[in-house]
Amino acid sequence: MIDIINLTQTYKSGKGVFNLNFSIKKGEVFGYLGPNGAGKTTTIRNILGFTNASSGEVLINGINSRINTEEINKSIGFLPGEIAFYNSLRGKEFLDLLAKLRNLNDFTFRERLEERFKLDTNIYIKKMSKGTKQKLAIVAAFMHDPEILILDEPTSGLDPLMQNIFLDLIKEEKLRGKTILLSSHIFEEVEKVCDRAGIIKNGHLVALEDILSLKQQTADIFEVTLEKENNLILQTSLKINHVKDNIYQVWVKHNYELFFNELQKFKVIKITSIKRSIEDIFMKYYGDEHNE
Amino acid sequence: MNKHLLIYNLKSNIMMFLSFLSITLMYSILATAMFNPETSELLQQFVDVLPQTVVQMMGFTDFGSELTGYLATYLYGFVFFIFPMIFIVMLGNKLIAKQVDDSSMAYLLTTPNSRVKIATTQAFTLFINLFFLIAINVIIIIIISEIAFKGHLMIGNFIGLNFVLFAVLTTVSALVYLISILNSDYGKAIGLSSAFVGYLFIMNMITKLGNKLNILRFSTFLSLVDTDKIFSSTSYTLLTGSITLVVGILIYCLSILIFNKKSLTI
Chain A
1 MIDIINLTQT YKSGKGVFNL NFSIKKGEVF GYLGPNGAGK TTTIRNILGF
51 TNASSGEVLI NGINSRINTE EINKSIGFLP GEIAFYNSLR GKEFLDLLAK
101 LRNLNDFTFR ERLEERFKLD TNIYIKKMSK GTKQKLAIVA AFMHDPEILI
151 LDEPTSGLDP LMQNIFLDLI KEEKLRGKTI LLSSHIFEEV EKVCDRAGII
201 KNGHLVALED ILSLKQQTAD IFEVTLEKEN NLILQTSLKI NHVKDNIYQV
251 WVKHNYELFF NELQKFKVIK ITSIKRSIED IFMKYYGDEH NE
Chain B
1 MNKHLLIYNL KSNIMMFLSF LSITLMYSIL ATAMFNPETS ELLQQFVDVL
51 PQTVVQMMGF TDFGSELTGY LATYLYGFVF FIFPMIFIVM LGNKLIAKQV
101 DDSSMAYLLT TPNSRVKIAT TQAFTLFINL FFLIAINVII IIIISEIAFK
151 GHLMIGNFIG LNFVLFAVLT TVSALVYLIS ILNSDYGKAI GLSSAFVGYL
201 FIMNMITKLG NKLNILRFST FLSLVDTDKI FSSTSYTLLT GSITLVVGIL
251 IYCLSILIFN KKSLTI
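Listed in order, the protein sequences are those of chains A and B.
Be aware that the first sequence starts at 1, since it is given in our numbering, and climbs by one per residue.
Be aware that the second sequence starts at 1, since it is given in our numbering, and climbs by one per residue.
No lab work stands behind these hints, which were simulated from the structure alone.
Among the clues, some could well be false.
Unchecked claim - Pulled a few chain B residues facing chain A out of the computed Cβ check, cut under 7 Å:
no. : residue
1   : Tyr8
2   : Ser103
3   : Ala106
4   : Thr110
5   : Pro112
6   : Ser232
7   : Thr234
8   : Ser235
9   : Asn260
10  : Ile266
To be verified - Lysine-lysine pairs mimicking DSS-like chemistry, simulated, CA-CA at most 25 Å apart:
no. : chain 1 : residue 1 : chain 2 : residue 2
11  : A       : Lys126    : B       : Lys11
12  : A       : Lys215    : A       : Lys239
13  : B       : Lys262    : A       : Lys133
14  : B       : Lys98     : B       : Lys229
15  : B       : Lys262    : A       : Lys15
16  : B       : Lys188    : A       : Lys12
17  : A       : Lys118    : A       : Lys192
18  : B       : Lys188    : B       : Lys261
19  : A       : Lys127    : B       : Lys98
20  : A       : Lys15     : B       : Lys188
21  : B       : Lys261    : A       : Lys15
22  : B       : Lys262    : A       : Lys12
23  : A       : Lys239    : A       : Lys253
24  : A       : Lys12     : A       : Lys26
25  : B       : Lys98     : A       : Lys130
26  : A       : Lys74     : B       : Lys262
27  : A       : Lys100    : B       : Lys229
28  : A       : Lys74     : B       : Lys117
29  : A       : Lys92     : B       : Lys11
30  : B       : Lys208    : A       : Lys133
31  : B       : Lys98     : A       : Lys126
32  : B       : Lys212    : A       : Lys127
33  : B       : Lys3      : A       : Lys92
34  : A       : Lys171    : A       : Lys192
What the hints assert, rightly or not - So the derived label-pair ranges between C-beta atoms look like this:
no. : chain 1 : residue 1 : chain 2 : residue 2 : range
35  : B       : Met16     : A       : Gly37     : 53 to 59 Å
36  : A       : Gly37     : B       : Leu18     : 53 to 59 Å
37  : A       : Asp168    : B       : Leu18     : 29 to 35 Å
38  : A       : Leu208    : B       : Ile14     : 50 to 56 Å
39  : A       : Asn103    : B       : Asp185    : 29 to 35 Å
40  : B       : Met26     : A       : Lys15     : 40 to 46 Å
Heads up, the beta-carbon is just placed ideally off N, CA and C, and yes, glycines get one too.
Next comes chain B alone, as it looks inside the complex (with noise of 0.2 Å):
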């Protein structure tokens, strides 16, 4: 890895990634501070209003009188999902595709650093920037609670809940890496890998619709976020998301090597 590209793309992206904070920051502000057990009731009874259908896609199935529960089911069915995966569709592409496509990567390719450095350094800007944009929103989300409703947050839970759901993005990012660098033109880079992710995020919604359904869990890894898993076994947690991080990582590498051994026409 080379620390000057490293911060050079820290840098260059800082705008995109602030943008991203901030929308789901607004997202986990706004749901911490709506937390109230009784009106909690209230929104439940709101939500029974609306068509089933749409209540199950978006995830809001249960809302209940708990803080953890009450978070998952407001945050980790649909905005933790959707924002982070457009930022990673987004980032990582230009770390390589575009870079790629429109030949400027020739000039860190002659620089005295290894294509495996390059790619390495671009891999980890993208793993770096998902960490953040999990992990503020993380901490934000405790302090608030703590201030506003000491106590009510489960936080072993909660943090457990963000692990599985911080190794689930990074398997995305891996593999939208390896899309970016598959594919040297830049539009069919981001065309793909959008397809991809949509394709995981709708599927994901299409399984909460009903049990019927719930055979579909397979068809997307997103599914691997199950709160009420989460929430009940410790084990799952350690076991699905440890493994999920590990298979993210060799993803990365694979797309390494394959960056790697690739014929670049720049």
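Only chain A is shown next, with the shape it has when bound in the complex (with noise of 0.2 Å):
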């Protein structure tokens, strides 16, 4: 559904993009990961048809998103990373006039979401907090029900509630067809609600799997409280970590064996499992000195 071809943009910085080679099928919902200037935004601004690209091209249902950027937006959502408004409107003004301009006439889903997240759209935009405005950039990208989402970082600012609110609306979205490409440096989230991520580093794809064999490359990580403080478990030769006082964690990948025996040697009084997250995999691609 969304091709992204040998796409390259770069900058007079140096920056941008080289040779971005991914698709996201329909119905998929993509993770893109990259920590701040990575380039997700600058992938995103391509797939809009914002952004003129040095090569390659990004096509939605085969059409050059570049040049029929007016049809392609016909079918697409889109959530800024950096969101700005017009200030001087209410909430509701903001949205009327989006509406407007897509010709939207049904507003049952647009009060849905109003409810959902707690949005009140009778507040002027500038006196909004940092979360609110989050809130009607979602309701501002969901509310004509397009089949496409491009959401950069969309729960910044957002907290641990609505954070899960917005999960569970992907989730439903997800249920109903949508295609959705989802940026983001929050690695949790990812993993919650996508079935592929790509991982973006300098501007080079660095990885593009599925969740599960993502996870599955992982390391398991155990954190082991010992009766006291003892260091001679850091010259051992499992990759381990000291935490604090009596607590480390220790990274196993397929040698639970030598994890066993080494773990002889000390008093050991609780061993807890780490989930694992897709921080732990992005640490694999952004280099970590524990997990190297």
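Both chains are given apart, each in its own frame, so use the hints to dock them into the complex.
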């Protein structure tokens, strides 16, 4: 549904994205991971046809997104990473304007979303908190019930409760067959809702895999509590990190025999498994001293 | 063009429009009301006492005893250039450069409306605001003149003068719009367009200083609003006005095409 073909966009600073190739299938939720400045927003600008790529192209339903933007925009909902609204308007007036620009007459979905996110649209946008603005941006992106959703860091500024409401919304929309690109540097949310993820580093796509196989590639992490602090454990051949006092974190990847053999030498009083997250996978690509 | 966006634009800029309308109307009403064939001689005597350079730069060279010439001298050398041009700089940049700079343009460009349509609506907003600013002033001046000094205003000449003025200001607005499109940095766009209209305005004032400097009239197209020529030649008025207006509209079209091709970092 979205095909990114040999996409290169270089800026004067030397940054940008380089020879990106990936596709997002219809009905798929695709996580796009990378830290700030890695090239996520640059990719999104090309998907939406804002920028002129240095080379390559983005096709949406087979149509070039830079040339036929007007046609493509009929089926797109966009949530920008850096949100700027018309501050002199009330939330309601802003949504009304967007609805008119989209020739949208059916407001039921919009009303449901406002209710769900507990968004008061009577407030002037300039008086809204960052979280409220984010909710407004979510409603603006979803209210016309588009086929494709391009969401740039959608949960930033939302409190944990609202983040969960948002992730539930993504799951529901996925069931309704929507195609979603969700860019993020919060790995947990990608893990929760995405089918596949692409990881971008310094403008290069360094991984493109199913969430499941990405998870399998990572080490299991255990928090090991010793009876008392004993840093001799750090000298074993385990991948280990001293958390604090008598608590240590151990990375285990297939080598359980070594793990048990080494731990036998110490007085262990507690072992807890720590939930693996995309963050650990991510660390693999960004380099982390404990995971190499 | 998108009518919903146009309505939003007109509404959201109404306060700015009304501010500039009230300033210019205040000058128009005062100037017209102050007209008196006898006292204009007095005014002339007063002006004669002032340093000639200042008088010439302000364009107050000849008040005469005829209302049209009096208004042309009083309003069309200074007031009707400076205020509309400040208005153009503020509005022209708010419609494009500001929205590209703060990325709010992203919302407009992800609706099913082409860039050409969005940019045409923004351009038309600027054009129509300028039109109403001039037109309302013209109508009010004509009404006051007809009530207070029936027959003194040569309406044909006066409308001709305003036609050329509007055409010239349209070209100024088109160039400011072009600057706004070429510069994605709002501050830079405001700076460049202010410098540009400032240059046009100052050169026009210097041009009036004397015959020797008359050659400088080619350095600013504001000098096309030449009251003597407009009042004496209908063909000058029609030709200059029409050509300038067409040039302005062509610059608008060019700006819209550039915006369509531009790579926007929003």
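Taking the hints in turn, this is what the structure says about them:
Taken as an interface hint, B:Tyr8 checks out: its beta carbon lies about 5 Å from the nearest beta carbon of chain A, inside 7 Å. Interface hint status for B:Ser103: upheld, as the beta-carbon distance to the closest one in chain A is roughly 5 Å, under 7 Å. The restraint placing B:Ala106 at the interface with chain A holds, with a minimum CB-CB distance near 5 Å, inside the 7 Å limit. For the restraint placing B:Thr110 at the interface with chain A, the shortest Cβ-Cβ distance is roughly 4 Å, inside the 7 Å limit, so the hint holds.
Annotation: B:Pro112 was flagged as interfacial toward chain A, and the flag holds, the nearest CB pair being 4 Å apart, inside 7 Å. A cut of 7 Å between beta carbons decides the hint on B:Ser232: the least distance to chain A is about 48 Å, and the hint is violated. This hint is violated: B:Thr234 has a C-beta 45 Å from the nearest C-beta of chain A, more than the 7 Å allowed. For B:Ser235, the interface hint is violated, the least distance from its beta-carbon to any beta-carbon of chain A being 44 Å, above 7 Å.
Using the Cβ-Cβ criterion of 7 Å, the hint placing B:Asn260 at the interface with chain A is not satisfied: the shortest such distance is roughly 10 Å. The restraint placing B:Ile266 at the interface with chain A holds, with a minimum CB-CB distance near 5 Å, inside the 7 Å limit. Between A:Lys126 and B:Lys11 the alpha-carbon distance is near 18 Å, which keeps this suggested pair within the 25 Å criterion. At roughly 18 Å between alpha-carbon atoms, A:Lys215 and A:Lys239 fall within 25 Å of each other, so this suggested pair holds.
Restraint check: the Cα-Cα separation between B:Lys262 and A:Lys133 comes to about 29 Å, which exceeds 25 Å; the hinted pair is violated. For the proposed pair B:Lys98 and B:Lys229, the alpha carbon gap of about 39 Å is over 25 Å, so the pair is violated. Under the criterion of a C-alpha separation no larger than 25 Å, the hint pairing B:Lys262 with A:Lys15 is consistent with the structure, at around 19 Å. Distance hint between B:Lys188 and A:Lys12 is fulfilled; the C-alpha atoms sit about 19 Å from each other, no more than 25 Å.
A hinted pair counts as satisfied when its Cα atoms are at most 25 Å apart, and A:Lys118 with A:Lys192 qualifies at roughly 23 Å. Between B:Lys188 and B:Lys261, the direct Cα distance comes to roughly 21 Å. Compliance with the 25 Å bound is thereby established for this hinted pair. Among the hinted pairs, A:Lys127 with B:Lys98 is consistent with the structure: their alpha-carbon atoms are about 20 Å apart, no more than 25 Å. Of the pairs offered as hints, the one joining A:Lys15 and B:Lys188 holds, with about 23 Å between alpha carbons and a cut-off of 25 Å not exceeded.
Of the supplied pair hints, the one linking B:Lys261 and A:Lys15 holds, its CA atoms being roughly 22 Å apart against a limit of 25 Å. At most 25 Å may separate the alpha-carbon atoms for a hinted pair to count; B:Lys262 and A:Lys12 meet this at roughly 16 Å. At roughly 10 Å between alpha-carbon atoms, A:Lys239 and A:Lys253 fall within 25 Å of each other, so this suggested pair holds. A hinted pair counts as satisfied when its Cα atoms are at most 25 Å apart, and A:Lys12 with A:Lys26 does not qualify at roughly 35 Å.
Restraint check: the Cα-Cα separation between B:Lys98 and A:Lys130 comes to about 21 Å, which is no more than 25 Å; the hinted pair holds. A threshold of 25 Å between alpha carbons decides the hint, and for A:Lys74 with B:Lys262 the separation of about 22 Å falls inside it, so the pair holds. Straight-line distance between C-alpha atoms of A:Lys100 and B:Lys229 comes to about 48 Å, which puts the hinted pair past the 25 Å bound. Only pairs whose Cα atoms come within 25 Å are accepted, and A:Lys74 paired with B:Lys117 is accepted, the gap being roughly 15 Å.
Using a Cα cut-off of 25 Å, the hinted pair A:Lys92 and B:Lys11 holds, with the two alpha carbons roughly 16 Å apart. With a C-alpha separation of about 54 Å, the suggested pairing of B:Lys208 with A:Lys133 is violated against the 25 Å cut-off. Only pairs whose Cα atoms come within 25 Å are accepted, and B:Lys98 paired with A:Lys126 is accepted, the gap being roughly 16 Å. The suggested pairing of B:Lys212 with A:Lys127 is violated, with an alpha-carbon distance near 58 Å, which exceeds 25 Å.
Among the hinted pairs, B:Lys3 with A:Lys92 is consistent with the structure: their alpha-carbon atoms are about 19 Å apart, no more than 25 Å. Restraint check for A:Lys171 and A:Lys192: the C-alpha separation of about 9 Å stays at or below 25 Å, so the hint holds. The hint said 53 to 59 Å for the Cβ distance between B:Met16 and A:Gly37, and at roughly 37 Å that hint is violated. Roughly 44 Å separates the CB atoms of A:Gly37 and B:Leu18, a value that falls outside the hinted 53 to 59 Å.
Checking the proposed 29 to 35 Å range against A:Asp168 and B:Leu18 shows it is violated: the Cβ atoms sit about 47 Å from each other. Hint check: A:Leu208 to B:Ile14, Cβ distance near 51 Å, so the stated range 50 to 56 Å holds. Here the CB-CB span from A:Asn103 to B:Asp185 is close to 33 Å, well matched to the stated 29 to 35 Å. Checking the proposed 40 to 46 Å range against B:Met26 and A:Lys15 shows it is violated: the Cβ atoms sit about 52 Å from each other.
Figure legend: structure checked against the earlier numbered hints; hints not met, in rising order: 6, 7, 8, 9, 13, 14, 24, 27, 30, 32, 35, 36, 37, 40.
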